[in-house]
Amino acid sequence: MLRAPRAFPYQLLLPATIVMLAVVLFPLGYSFWLAFRNMSLYHFRVHDFVGLENFRLILSESVFWTLLAKSAAWTFVNVFFHVTLGVLLAILLSGPVRGKVLIRTLLVLPWAMPQYISALTWRGMFNYEYGAINLILKQWLHLPPVPWLSDPFWAFVAPILTNIWLGFPFMMVVALGGLTSIPGELYEAADLDGANGWEKFTNVTLPSLMPVLVPAMLLGTIWTFNNTLIVWLVSNGGQPADATHILVTFIYKVAFTYSRYSYAAAFSVVVFLLLLGFVVYVMRRTSAQERTA
Amino acid sequence: MKKPADAWTPGRVFVQAFLVLFAIATVYPILQIVTISLRPSDQLYSTSLAIIPPGASLKAYGVMLFEKPFLLWMRNSLIVSLAVTILGVTLASTAAYAFSRFRFAGRDAGLYLFLMTQMFPATMTMLPLYVLMKNLHLLDTFAGLVVAYTATALPFCVWTMRGYYDTIPYELEQAALIDGCAPWEAFTKITLPLAAPALSITALFSFMAAWSEFLVARIVISRQEMFTLPLGLESLAGQFQTEWANYAAGSLLVCVPVMALFIALNRNIVSGLSVGGVKG
Numbered sequence: 603m604l605r606a607p608r609a610f611p612y613q614l615l616l617p618a619t620i621v622m623l624a625v626v627l628f629p630l631g632y633s634f635w636l637a638f639r640n641m642s643l644y645h646f647r648v649h650d651f652v653g654l655e656n657f658r659l660i661l662s663e664s665v666f667w668t669l670l671a672k673s674a675a676w677t678f679v680n681v682f683f684h685v686t687l688g689v690l691l692a693i694l695l696s697g698p699v700r701g702k703v704l705i706r707t708l709l710v711l712p713w714a715m716p717q718y719i720s721a722l723t724w725r726g727m728f729n730y731e732y733g734a735i736n737l738i739l740k741q742w743l744h745l746p747p748v749p750w751l752s753d754p755f756w757a758f759v760a761p762i763l764t765n766i767w768l769g770f771p772f773m774m775v776v777a778l779g780g781l782t783s784i785p786g787e788l789y790e791a792a793d794l795d796g797a798n799g800w801e802k803f804t805n806v807t808l809p810s811l812m813p814v815l816v817p818a819m820l821l822g823t824i825w826t827f828n829n830t831l832i833v834w835l836v837s838n839g840g841q842p843a844d845a846t847h848i849l850v851t852f853i854y855k856v857a858f859t860y861s862r863y864s865y866a867a868a869f870s871v872v873v874f875l876l877l878l879g880f881v882v883y884v885m886r887r888t889s890a891q892e893r894t895a
Numbered sequence: 007m008k009k010p011a012d013a014w015t016p017g018r019v020f021v022q023a024f025l026v027l028f029a030i031a032t033v034y035p036i037l038q039i040v041t042i043s044l045r046p047s048d049q050l051y052s053t054s055l056a057i058i059p060p061g062a063s064l065k066a067y068g069v070m071l072f073e074k075p076f077l078l079w080m081r082n083s084l085i086v087s088l089a090v091t092i093l094g095v096t097l098a099s100t101a102a103y104a105f106s107r108f109r110f111a112g113r114d115a116g117l118y119l120f121l122m123t124q125m126f127p128a129t130m131t132m133l134p135l136y137v138l139m140k141n142l143h144l145l146d147t148f149a150g151l152v153v154a155y156t157a158t159a160l161p162f163c164v165w166t167m168r169g170y171y172d173t174i175p176y177e178l179e180q181a182a183l184i185d186g187c188a189p190w191e192a193f194t195k196i197t198l199p200l201a202a203p204a205l206s207i208t209a210l211f212s213f214m215a216a217w218s219e220f221l222v223a224r225i226v227i228s229r230q231e232m233f234t235l236p237l238g239l240e241s242l243a244g245q246f247q248t249e250w251a252n253y254a255a256g257s258l259l260v261c262v263p264v265m266a267l268f269i270a271l272n273r274n275i276v277s278g279l280s281v282g283g284v285k286g
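Going down the list, the protein sequences come from chains A and B. Numbered according to the numbering used here, the first sequence spans residues 603 to 895. Numbered according to the numbering used here, the second sequence spans residues 7 to 286.
Certain hints may be false.
To be verified - DEER-style ranges, computed between Cβ atoms:
1. B/Leu221 to A/Pro746: 33 to 39 angstroms
2. A/Ser662 to B/Leu84: 48 to 54 angstroms
3. A/Ser662 to B/Ile30: 49 to 55 angstroms
Unchecked claim - One-sided excerpt, in silico: chain A residues whose CB lies under 7 angstroms from chain B:
4. Leu604
5. Ile620
6. Val621
7. Leu623
8. Val665
9. Ile705
10. Ala714
11. Thr723
12. Ile853
13. Val856
14. Gly879
Claimed, not checked - To list a few chain A residues with every Cβ distance to chain B over 10 angstroms, as calculated:
15. Val652
16. Ser662
17. Val699
18. Phe803
19. Gly839
Just so you know, the hints here were simulated from the structure itself, not pulled from any lab data. Virtual Cβ for every residue (Gly too), placed ideally from N, Cα, C.
Please model the complete structure; the sequences and the hints are all you need to start from.
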């Protein structure tokens with residue numbers, strides 16, 4: 603660690619801290635306060651303290667547990683494919699490949715697209731009669747069309763496919779950045795030891811990527827879990843019949859369609875505590891691994 | 007070196023084919039937008055898979071550039087996104103340096119706090135944020151948007167920068183400090199140039215966070231002439247039946263500056279630390 607006047611690190615942190623306090627911590631505190639009251643469309647100006655009533659309601663309803671399972675599935679499938687595809691593509695791209703710059707640029711395009719445009723385009727592609735995906739299935743592969751947006755199961759698969767497409771370029775760029783910081787000497791040493799490609803991957807590449815990948819994965823998990831936009835736009839607000847919601851899209855609907863502000867605030871506090879528990883658990887485990895390694 | 011680097015081994019052919027096919031599949035949805043933007047208005051419902059539709063016309067692009075306030079939206083978006091990029095990189099590179107190089111009271115708590123801000127569902131920060139901006143008279147200003155977007159991008163940027171600083175040996179700075187160099191100089195003259203790849207990622211991320219954001223923009227901005235691109239394009243998509251081709255054309259035009267920026271920064275991201283002469 604470096605030695606500097608005691609105030610120096612705080613001076614470095616001050617500007618960032620001010621911004622975070624104003625824009626993030628104030629709203630968080632306000633939402634916590636709201637979660638214990640009964641603010642809704644009918645009680646907008648005058649609302650009362652209701653204690654844990656909102657939380658009791660949430661945890662006693664079966665919808666919460668169904669949504670929790672769907673949020674978990676949504677997050678796991680997405681992050682799994684983001685990371686595996688991202689790392690795989692980054693490693694392949696750092697080898698001898700023709701047209702490397704072009705391919706890399708094309709692969710980053712989904713990230714460059716504004717998400718709402720991508721979501722609406724994919725929704726068009728999932729259209730039963732005119733969508734490109736069913737047309738490809740029919741005209742090229744001679745398979746029956748899939749009821750992407752009308753069947754509850756496929757209507758949940760459709761946003762997942764969309765979000766995998768959206769998310770892998772980010773992990774690929776992160777992995778590419780990490781790959782460049784691995785000294786070539788490590789691979790030369792591995793070559794001298796007679797390591798094969800897989801051994802080089804598990805013993806050199808992966809451990810060296812971890813300092814960059816772990817924070818990206820952790821944040822990726824949280825972002826995916828909290829991603830309202832994609833499910834909302836691809837399934838058009840939870841259609842058919844609110845069957846495709848995950849936790850956060852349900853909160854969005856409850857807050858802005860049904861105007862149950864305090865109930866929605868309590869719901870988001872529950873989601874927040876769930877994620878907090880998850881992150882603390884992961885951080886404990888990774889720092890424990892660092893200590894034993 | 008066992009084999010010459012440019013030999014086409016079966017493995018290499020497979021990798022090349024895989025990457026090319028994967029790139030084509032990745033780009034296909036974007037080609038769909040191209041197709042729709044070229045479609046004449048009488049062919050809204052078509053079962054053709056042709057990339058260039060029959061009777062293709064560039065009319066929608068002309069409409070977007072000359073009849074719609076598209077260039078104004080783009081100007082607004084550029085102002086906001088560039089301000090967020092500068093602010094985001096500045097705040098993240100300094101804060102992350104403190105986390106990486108110094109032990110101080112509240113360090114671990116601070117790092118956790120940055121992460122925690124990512125965990126609250128965005129939906130419920132919007133209502134309080136609206137109240138705050140209203141009280142500070144930041145509604146319908148770019149300043150309000152810039153501050154909000156910087157805050158969304160900061161946690162990730164701080165964590166990325168810190169992770170990268172951690173991989174840079176600090177002996178050089180230490181030596182400079184012992185020689186009487188000020189801590190701020192050691193940071194800006196020694197560490198910051200070495201962190202160029204991470205700075206590029208931070209810059210790109212901050213820019214993107216601002217460029218594609220819709221939900222906060224919709225709350226903060228209500229005057230038409232202040233619309234950013236997402237708000238403007240969404241206002242076209244609202245009239246879905248009639249403006250679908252215009253909307254698709256606009257979406258494609260939106261990608262141009264982003265692509266330019268990415269390609270410009272890409273070299274930095276991938277060239278890595280090979281220039282720096284520092285070895286731990």
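Cross-check of the supplied hints:
Here the CB-CB span from B/Leu221 to A/Pro746 is close to 37 angstroms, well matched to the stated 33 to 39 angstroms. Remark: the range hint 48 to 54 angstroms for A/Ser662 to B/Leu84 is upheld by a beta-carbon distance near 50 angstroms. The hinted range of 49 to 55 angstroms is satisfied by A/Ser662 and B/Ile30, whose Cβ atoms lie roughly 50 angstroms apart. With a cut of 7 angstroms, the hint placing A/Leu604 at the interface with chain B holds, because the nearest CB-to-CB distance is about 5 angstroms.
With a least beta-carbon distance of about 9 angstroms to chain B, the hint placing A/Ile620 at the interface is violated under the 7 angstroms criterion. Here the hint on A/Val621 is kept, as its CB sits about 5 angstroms from the closest CB of chain B, short of 7 angstroms. Evaluation of the A/Leu623 hint against chain B yields a violated restraint, the C-beta minimum of about 9 angstroms exceeding 7 angstroms. The restraint placing A/Val665 at the interface with chain B is violated, with a minimum CB-CB distance near 16 angstroms, outside the 7 angstroms limit.
Hint on A/Ile705 holds. Least Cβ distance to chain B is approximately 5 angstroms, under the 7 angstroms limit. With a least beta-carbon distance of about 4 angstroms to chain B, the hint placing A/Ala714 at the interface is held under the 7 angstroms criterion. Given the 7 angstroms rule on beta carbons, the hint for A/Thr723 holds: about 6 angstroms separates it from the nearest Cβ of chain B. With 7 angstroms as the threshold, the beta carbon of A/Ile853 comes within range of chain B, its nearest partner Cβ sitting at about 5 angstroms, so the hint holds.
Taking 7 angstroms as the C-beta cut-off, the interface hint given for A/Val856 is violated, the closest approach to chain B being about 9 angstroms. Because the closest C-beta pair between A/Gly879 and chain B is about 10 angstroms apart, greater than 7 angstroms, the hint is violated. Under the 10 angstroms C-beta cut-off, the non-interface status given to A/Val652 relative to chain B holds; the minimum distance is some 17 angstroms. At roughly 21 angstroms, the least C-beta separation between A/Ser662 and chain B is larger than 10 angstroms, which holds for a residue marked as non-interface.
For A/Val699, the shortest C-beta to C-beta distance to chain B comes to about 6 angstroms, within the 10 angstroms cut-off, and the non-interface label is violated. Look at A/Phe803: its CB is around 14 angstroms from the nearest CB on chain B, clear of 10 angstroms, so calling it non-interface holds up. The Cβ of A/Gly839 sits about 13 angstroms from the closest Cβ of chain B, beyond the 10 angstroms cut-off, so the non-interface label holds.
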